[in-house]
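Line by line, the protein sequences are chains L and G. Mapping the first sequence onto this note's numbering, position 179 (from 1) lands on 179, and the numbers just tick up by one. Every number in this note's numbering is 1000 more than the matching position in the second sequence, counting from 1.
It is worth saying that the hints were derived from the structure and are not from the lab. Among the hints, a few may not be true.
Stated by the list, open to error - SDA-like, lysine to any residue: derived pairs with alpha carbons at most 25 Å apart: (1) LYS70(L) x PRO1236(G); (2) LYS138(L) x PRO1236(G); (3) LYS243(L) x GLY1048(G); (4) LYS153(L) x SER1233(G); (5) LYS197(L) x ALA1092(G); (6) LYS243(L) x GLN1237(G); (7) LYS197(L) x GLY1169(G); (8) LYS153(L) x LEU1070(G); (9) LYS153(L) x VAL1243(G); (10) LYS197(L) x VAL1108(G); (11) LYS153(L) x PRO139(L); (12) LYS138(L) x ALA1235(G); (13) LYS87(L) x GLY1169(G); (14) LYS266(L) x VAL1108(G); (15) LYS243(L) x ALA1228(G); (16) LYS1049(G) x SER177(L); (17) LYS243(L) x LYS1106(G).
What the hints assert, rightly or not - Computed footprint of chain L on chain G, listed as stretches where at least three residues anywhere in the stretch have a Cβ under 8 Å from a Cβ of chain L: (18) 1036–1047; (19) 1191–1200.
Virtual Cβ for every residue (Gly too), placed ideally from N, Cα, C.
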Amino acid sequence: MTKIWMGAVLIAGVTLSSLTLVSCGGDKPPETAKSEATAPAAAGGAAATPDEANGGTVTGKVAFAGEKPKMATLDMSANPACERAHKGSNQKSEEVVLNDNGTLKYVFVWVKSGLPDGKQWAVPTSTVSLDQNGCMYKPHMIGIMTGQNIEVKNSDPTNHNIHPMPTVNADWNESQSPGQAPMMKTFARQEVMVPVKCNVHPWMRSYIGVVGHPFFAVTGDDGTFTIKGLPPGTYTIQTWHEKYGPMEQTVTVGAKESKAVDFSYKG
Amino acid sequence: MHQRNVGSGLRGFAVVLACCTFGLVIAGALVTSNDAALSVPDWPLSWGKLVPTLEGGIRYEFAHRAIAFLVAILTTILAIRMRTRLAWSALALVLAQAAVGGMVVKFVTPAWATISHACLAQLFFAVVVAIVVDLYSVAAPAVMRSPAPLVAAVALFAQTILGAAVRYGLVLPVAHIAGAAVATILVMWAALSILMQHMENATLRRPAMLLLSITFSQVFLGIGAYMARVAYSEAPQPMPVMVWFSVAHVAVGSLAFGAAVALAMIVYCQPRSETVMANRGIVIA
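Working from the sequences, and respecting the hints, build out all of it.
Here it is in structure tokens:
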């Protein structure tokens, strides 16, 4: 019996030492497009707002070259309420949405660097909506400022849990039943991007770009973006797509100047 | 391990607990493989109720909780009835496992908690297997002094830890694959050395062959699970082939670890009485 206990102690020792090793090296966030906290001033302080009248503008489009990707059909049979929401039609994954003009939808575009150091930007008082509708997140991708409110709604007749998976912001996971009041959430630190998922319906996935300034955009049905009110300067513009990853370009804009920066992803 | 009279009822109860625990391991693997671990964001209640609406991932998570509750009750009863160190250890492990499971939910899957949850599950299953072996008083008439069975058990448990770490993205799959090669060699060392020396002894031969068979099956299931993950790496949701290979890999991994622990128990436990010898290692109370 003594040997059995010695064996048990040995196994427990292996468990603890392995867990220590694993956990010590495992919690470091990966090196992606995120930065230390850029805490913008609350609205009403000495924070700046984009000067759309006199500032520079960066516009562009995100094109897609190569073979048109085939989007996977989602299997919603695990929840009849989700299937009914689409009236029997097949719902496709929104991982890659190619617009009719050959551009990509749902690409996050933001000013990664070049803004004046230490400048505080006012947090918009408007809320950004993230709806759960037809067991899909609508929209699939949003951008917000640090400290800006997100209103999470459930328009479905079924339960959802909202589970963002940040690496530098705080984790949270909350349930939202049908008819439940919208919940307001914020992210304190800049992080591009924060994936959001629903574990009740594992096909549901959304992305939130959290930025410490107001210079960002998400491409829509025409694949274009516009970032207005930039102070004169040289900026690194980064795009981020959930499948094809990030791309960067540098652009210099002056006061009241508009520059075009186009990106092209290859399939 | 001391000799005692044990009723067949208690043995049967322990076997039921072992089966339920194996079912719990499968239920847990279904939760993880279906990406449903946090589909119930509260604990110990589920969506604020005793029984939530069973839909989507909630079905897997709630079934896992229900089976876990049953296993905890059965373990408590067994511990009270047996009052042995192994039984108390099983109770302590199942309570710790419930607490860690709750922390996974409350603190939203910290890596240490999720990996601990996966490893404690295997450890608990092994302890329950040890209880069953103990209750059936199985011992080898010819005792081996080789450390091979214990080393094989430790290696298989280490593989459990690595597998969980791979699943949660903390280590690369190559570590688990390399570990599989090492664990398989150690299992072969343990089992083949027993078979070569004690082929005539059914008490040793059967578990050794069982351990070999399960371990080889596990290697092929591991290959299948990996290939399924590669094949469906771009799928927008868990695909059935991927889920079933992963679940089978976890379940058979538990069986391999359990078989190694059982073999180690049989090998290292001294024959306890002449009755043991007379019955070729099986005591009938």
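Review point. Which earlier hints turn out false for this structure, listed by number in ascending order?
Key: Hints 3, 4, 5, 8, 9, 13, 14, 17, 19 contradicted; others consistent.
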